[in-house]
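Peer 1: Spelled out from the first residue to the last, the chains are:
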Amino acid sequence: MAVCIAVIAKENYPLYIRSVPTENELKFHYTVHTSLDVVDEKISAMGKALVDQRELYLGLLYPTEDYKVYGYVTNSRVKFVMVVDSSNTALRDNEIRSMFRKLHNSYTDIMCNPFYNPGDRIHSRAFDNMVNSMMMQVC
Amino acid sequence: MEQGPAGGPAAATTAAAGTGGLLLPLSESEQQRYSELFSRCCPPPEVAAGGSSVGELFRASQLPPDTLHQITELCGAKRVGYFGPAQFYIALKLIAAAQSGFPVRIESIKNELPLPRFMALKNDSEARYGTPAELHGVKFQVPHATLEKNSYKRTDEGDKQEPKSPPMSPICSPPASPSTYQRIPLSYGYGKSRSGLEQQHGAPYEVRHSTHQQDGPSSGNYGAKPALTCSTPNRSLSAEREQQDSSTHYSDDPWRITEEQRDYYINQFRSLQPDLNSFVSGSVAKNFFTKSKLPIPELSHIWELSDVDCDGALTLPEFCAAFHLVVARKNGYQLPETLPETLLPQYLQAASLKPTRDCALFDSYSESLPGGQQTRDFSRSEVRRHEKGSYLAECRAVGQLHSDCGMAVKVSTALKTIPKEFQSYSSTSIEDAMKKGEEPPTPPPRPQKSHSRASSLDLNKIFQQNTQAVRSGWLPPPPPALPPRPSVSQTEQPSEVELHPQMNRPPAQAEENIPAKKEVVLAQPPSKPTRRKLRAEAQGLETPELSPTINVTSSTPAVKPHLPVQKQSSKQKRAIQTAIRKNKEANAVLARLNSELQQQLKEVHKERIALETQLEQLRPVTVL
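Protein sequence lines correspond, in order, to chains A and B.
Just so you know, we're using full-length UniProt numbering here: the first sequence kicks off at 1 and counts up by one.
Just so you know, we're using full-length UniProt numbering here: the second sequence kicks off at 1 and counts up by one.
Watch out, some of these pointers could steer you wrong.
Unchecked claim - Facing chain B, a subset of chain A residues (Cβ under 10 Å, in silico):
no.: 1; residue: E11
no.: 2; residue: P14
no.: 3; residue: M111
no.: 4; residue: C112
no.: 5; residue: Y116
no.: 6; residue: N117
no.: 7; residue: H123
no.: 8; residue: R125
no.: 9; residue: A126
no.: 10; residue: N129
Keep in mind the hints are simulated off the structure, nothing from the lab.
From the three backbone atoms N, C-alpha and C, an ideal C-beta is built for every residue, glycine too.
Use the sequences and the hints to build the structure in full.
Peer 2: Structure below.
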């Protein structure tokens, strides 16, 4: 369902970014980059306590005419940003949440791999497959 | 072929002209051989030999790569860019020279040289090399599979080669040069051992040495695998790996682990983690696999494939799968996208049981353990249905095979995901249950009802009666409702003290409940310590009618007695039925009591209202 999915590290550099290939990918990169400001705003507004599951999902960060941007932050300040096409009006909040949950699960699976150093770019095939499954649904 | 001998000298002379006036005399046998080789590498319609086929042929000569490079340069192929006949023949001559120990120079060609030795060609039959065929990537895999298999097995007799080659030839009968290549190292291995240069168990290292060396370049041909650079360290590592020989192999499937491989992996696992049922942690495994010198992304991918449950640690089957993938990768196989079926943990666990241990042995072993073989088999089959549980069950089974019954305790602690009814397996279950019996979990909410104390006391009385009846049939079920009931009744006591005298007062209450209540009230303090004493002595023998119902609702401690109770299930049923009957009676009694008390309450309320109105009437007089 998503048009672009990005995993941003704590220091705000991308660990993984994947877009639907037909579009101008640079535009999505730029969108994700600007959405980080909104994410930081929301995180700081939340305060110190970040344990609650509710607060991991940030919801709609900002909508534009073409697409909407959703955010999710983990307890270790790793951010997932998802750009969704606005024409997909049927996408409900719950579905976005479930997609973020899947992303989070796959991310923790990657973390379990001892050969993965946190902060490296993500090259896992399993993660790629999972992201592809989420993006393929656009077609 | 007819052109060969005729063209040979002519080519040789032209080559001689090309290389600066050197005559290249070729003897008859040499000419024949060279032309044969040339036609093999270069199909008749073409002019020049294919670079890859020539390369493989050269490598089959077992010369070090830099020598081969030198030869290639010297023969002029580098200059002209292809292996024409002249270049080819010169190269062959140079190879012969190098193999005889002469330095690789043009001058050495002049010497009388034996035929260049390509070990494979000795064993190859003409039939295999007919017309050239195109390379099939798939075919590459299969002969490579046999290659790997053979690299794991020691082939001491030459007759072994024959059984091997039939599986290969139907697949690669058209002599695609890669298939040619495949056979070269294979037969090279055979030839080597046949020639008796190495002992069987002595030095597999060298066999693997060249095998892997050729492996590296071949894989470089076919897919640019980084295994090339790893071939050298690979050799030392693989030398340690191949220990024993086994004549059995299930199939040519490269992803199937053979027996000696499995044993080797298990030994390695033991070196990392002595307990075979436990995990190898991620960091330990990382260090171990990093020693294999595979690149980190590949190791990462291998880990992803083999760590099925994604917990950051490798159990024994996961470790075997990972090790097998590493070994396969080093031998040039591409890593699969998903874990092959033969490397799945469940498969590996099941496989480990069958060939290594007899089923009969296992059964007899399980019989020796206390607790009922029945339950174990039942639970084993039960548990197999669960994904993770099946693995753990097998793990447990393997663990028991490998170690004593004492392991069962340790193993049982690992079985957290198995449904709780099978936790009663462990030999310490009874003691656990006994201990748990003294601290029962949250009991059913019966005491929280708004009944008066008398009702709960009635229950207690009934409970005592049932205790006597059912005591014999019960092993350590927990005493669920006991502790809260006294506390509840204690808290209710002060509030109900005044109620009791009031209730006792109305003379119309000539029901048996009141005297019952009274005596229960009186009996309650003594009954409480009696109850506790009962509980203390019986160590859990006390639960009466409540425990059957509670066993249904509560989870862990209630089902602990399943193990010994299974023998007494019939008694339990009867006890449950009597308890149910008694419960119903108690319910009826309590309902009646409730209604009566409600009536009393109403009357008391009326009296109170009457008194209050009187007070109100009187009050204005006094206030004023």
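Peer 1: Confirm or reject each hint.
Peer 2: Structure-based check of each hint:
1. Look at E11/A: its Cβ only gets to about 22 Å from chain B, farther than 10 Å, so that hint breaks.
2. Look at P14/A: its Cβ only gets to about 18 Å from chain B, farther than 10 Å, so that hint breaks.
3. Given the 10 Å rule on beta carbons, the hint for M111/A holds: about 8 Å separates it from the nearest Cβ of chain B.
4. Below 10 Å, beta-carbon pairs count as interface contacts, and C112/A has one with chain B at about 4 Å; its hint therefore holds.
5. At a threshold of 10 Å, the smallest CB-CB gap from Y116/A to chain B is about 6 Å, leaving the interface hint in force.
6. Here the hint on N117/A is kept, as its CB sits about 9 Å from the closest CB of chain B, short of 10 Å.
7. Residue-level restraint check for H123/A holds (minimum Cβ-Cβ distance to chain B is 6 Å; threshold 10 Å).
8. Because the beta carbon of R125/A sits about 6 Å from the nearest beta carbon in chain B, less than 10 Å, this interface hint is met.
9. Of the supplied interface hints, the one on A126/A holds, with its beta-carbon coming within about 5 Å of a beta-carbon of chain B, less than 10 Å.
10. Annotation: interface hint on N129/A holds; nearest CB of chain B at approximately 8 Å, less than 10 Å.
Comparing the model with each earlier hint shows violations of hints 1 and 2; every other hint is respected.
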